[in-house]
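Number of protein chains: 2
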Amino acid sequence: MTPISEHWDKSIREIAGEAALAALADANRQGVDGLFVGNMLSGTLNRQENLGALLADWIGLRGTEAVKIEAACGSGGAAVRQALMAVASGVMDSALAVGVEKMTDTVPATTTGGLATAADSDWEAAQGVSFVALNALVMQRYLHEYGWTKDDFAPFAVNAHGNAMHNPYARLHEKVDARAYKKARMVAEPINLLDASPTGDGAAAVLIVPVDAVASNGRPRITIAGSASATDTLAIHDRRDPLWLSAAELSARKAYAQAGVGPADIDVFELHDAFSIMAALSLEACGFAERGQGPRLALDGEIVPTGRVPIATRGGLKARGHPVGATGVYQICELVEQLRGTATGTQVDGARIGMAQNIGGSGATIVTHILKSG
Amino acid sequence: MTPISEHWDKSIREIAGEAALAALADANRQGVDGLFVGNMLSGTLNRQENLGALLADWIGLRGTEAVKIEAACGSGGAAVRQALMAVASGVMDSALAVGVEKMTDTVPATTTGGLATAADSDWEAAQGVSFVALNALVMQRYLHEYGWTKDDFAPFAVNAHGNAMHNPYARLHEKVDARAYKKARMVAEPINLLDASPTGDGAAAVLIVPVDAVASNGRPRITIAGSASATDTLAIHDRRDPLWLSAAELSARKAYAQAGVGPADIDVFELHDAFSIMAALSLEACGFAERGQGPRLALDGEIVPTGRVPIATRGGLKARGHPVGATGVYQICELVEQLRGTATGTQVDGARIGMAQNIGGSGATIVTHILKSG
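Residue numbers (my numbering), protein chains in the order written: chain X, -2 to 371; chain Z, -2 to 371.
If you're looking for bench data, these hints aren't it; they were derived computationally from the structure. Ideal Cβ positions, reconstructed from N, Cα and C, are used throughout, including at glycine. Heads up, a few of these hints could be off.
[Unchecked claim] Among the chain Z residues that face chain X by a calculated CB cut under 8 Å, a handful are:
hint	residue
1	Ala19
2	Arg44
3	Asn47
4	Ala53
5	Gly57
6	Arg59
7	Gly60
8	Val64
9	Gln79
10	Met82
11	Val88
12	Ala227
13	Thr228
14	Ala244
15	Gly357
16	Gly358
[Said to hold, decoys possible] Across the chosen pairs, the derived CB separations fall in these ranges:
hint	chain 1	residue 1	chain 2	residue 2	range
17	X	Gly259	Z	Gly342	58 to 64 Å
18	X	Gln137	Z	Thr109	39 to 45 Å
19	Z	Gln27	X	Arg26	40 to 46 Å
20	X	Arg182	Z	Asp238	55 to 61 Å
21	X	Asp6	Z	Gln290	45 to 51 Å
22	X	Thr303	Z	Arg237	55 to 61 Å
23	Z	Ala19	X	Gly28	39 to 45 Å
24	X	Pro217	Z	Pro207	31 to 37 Å
25	X	Gly125	Z	Gly257	53 to 59 Å
26	Z	Asp238	X	Gly259	46 to 52 Å
27	Z	Thr101	X	Arg288	42 to 48 Å
28	Z	Gly342	X	Gln137	55 to 61 Å
29	X	Asn25	Z	Trp120	30 to 36 Å
My request is simple: use the sequences and hints to build the entire structure.
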């Protein structure tokens, strides 16, 4: 992982290259059979497509097969899944999934305009609805349907920011409490600054190889025990129930079945808290809370590293930051930290099974992975 | 395949949907396990990312796993390859590769600016070099090194335009001869209008399933006997030899080995003639002509459907058209026509083995497929 920040002095290839080379070094390898680059906005914001070939050349692997994978903010998780299938197919013996996004220093377009391309262009964005506004409509409806007050969402921000204090790669190192949440500036009612994740520049990478090719090097062996992806409508108004992430439910159910586990077995859950309402909806769709009861888990203190369902243990999207196409790979790297027992400061005691869920659009593309150690 | 044209009355989802549903109908199927959408410019030109989920919902397959694959103008071929690996991995029993591009009716950006994102943004595009200008520099150097005159390239356009007359999906139905080539308006010297492929709106789709799942329905069974991808530098000036497509050589060599064939066994070669110089370079890198001798094949009449190395048999990029992210899938569909014996008007007699080569950037990402019938 690279630190998530405003890297005005680095181009997108440099950021991606840092993460890719760090992952290869961690695995003590020089090369790889294929590169899968998760990225959403390089064409719009950096005027650069063909990122796969660009990165292969930049890291000294000219000639190596490479491709870019896009699924809006779910691009990183989708890249991990493509790399996994490539290795599982036998076509490749090793595949590197690299998530990268460079969102500052972007002359040609605005980040807000770019993010709106994750929504339905003809039926949502064309009306002028920004991505945060769409999520605000969902949160407003949630408060109305289930009777929560806005302040009940404070624990999501407090947990994420507290955990990020211990993560050197996090975008924000700024402890917040319930009072700060109450006073935070409104972005799109009822979403305030402490409900919304910050964008940023960053990259993360993870190397995928067959299980029997993992060298015994004294560290726990991490396996991908479950991997699944599902979709939903892009436009929220097309859904039968705008308060239910059916693609989260579907992909989690498949991943649970593959791994032979259920929600109660998950020691750490790195979810997609782009907005705090999304954290609540993910907890519900994946079976950690009853419908409409996501905030209850948070209010009961169950989402912190010592709780029953630790989430955002390294800061989550909220405080680690959300370089959109990279986020899904950060989640996997953070699970690896937890399963290796190296999540300094926020280590979940005895973590053996972790789940990551990456979301593209307001629930339109969802990729769920379950990792096991040992 | 959809006809390639200026579809002012259709959005990108409608165009992609037509091709996807046509492919499913051709295979007599209602659904599929996964969608792989090859596309380059939807974010820039259509303000729409997350195309995978968008298409899944639009064609009535809400929930189905879907993702977008990008490798500049090689996106279509790359999508086919991802679909192939997904099925080979055992994760999916069926995968639909859909290539789509909508290049007219694009308010936010120019097509020329979009296409430039296939080049190196920091070192090529930043200097104001357009994509056609880059190819013009390569062609100029080629003429200088090997002593050809510009008019020696006329047969590439004549063959492509002649073949497209018989293809109902082609962008251009306009027979041209050597005199028309000589008189064609210059775009970027020495590339004239008849060296350059037209952009357009279009989509094509191909369904991939395990060999033993193909129903015996009286039609020849088409198998993918070879599939490989390789990369090169994005920036042409970074290459040791700007007149050699090393990624074409590398990917073709791998595909030949997998299929157990060589250039002499290929009955049809759908190559990436975005510019006529690229047709010559592909013929050389893939072993159909000696270095610097690509135009010789064309001048000797060997590239027409009755020749030794039939290329662009349905019009190629030059006359069938080049909706960039869709092109690689059109090539596969055209090979299927040839191998089924349904390439009316330009059928290659007894075609049994076909090769398609799709290029992203000026040779930066190259995907090569070999198909066999029977």
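Hints and how they fare:
no., hint, verdict
1, Ala19, "21 Å, violated"
2, Arg44, "5 Å, holds"
3, Asn47, "4 Å, holds"
4, Ala53, "5 Å, holds"
5, Gly57, "12 Å, violated"
6, Arg59, "6 Å, holds"
7, Gly60, "6 Å, holds"
8, Val64, "5 Å, holds"
9, Gln79, "6 Å, holds"
10, Met82, "4 Å, holds"
11, Val88, "5 Å, holds"
12, Ala227, "6 Å, holds"
13, Thr228, "4 Å, holds"
14, Ala244, "7 Å, holds"
15, Gly357, "5 Å, holds"
16, Gly358, "5 Å, holds"
17, Gly259/X x Gly342/Z: 58 to 64 Å, "60 Å, holds"
18, Gln137/X x Thr109/Z: 39 to 45 Å, "43 Å, holds"
19, Gln27/Z x Arg26/X: 40 to 46 Å, "44 Å, holds"
20, Arg182/X x Asp238/Z: 55 to 61 Å, "57 Å, holds"
21, Asp6/X x Gln290/Z: 45 to 51 Å, "47 Å, holds"
22, Thr303/X x Arg237/Z: 55 to 61 Å, "58 Å, holds"
23, Ala19/Z x Gly28/X: 39 to 45 Å, "41 Å, holds"
24, Pro217/X x Pro207/Z: 31 to 37 Å, "35 Å, holds"
25, Gly125/X x Gly257/Z: 53 to 59 Å, "57 Å, holds"
26, Asp238/Z x Gly259/X: 46 to 52 Å, "58 Å, violated"
27, Thr101/Z x Arg288/X: 42 to 48 Å, "45 Å, holds"
28, Gly342/Z x Gln137/X: 55 to 61 Å, "60 Å, holds"
29, Asn25/X x Trp120/Z: 30 to 36 Å, "32 Å, holds"
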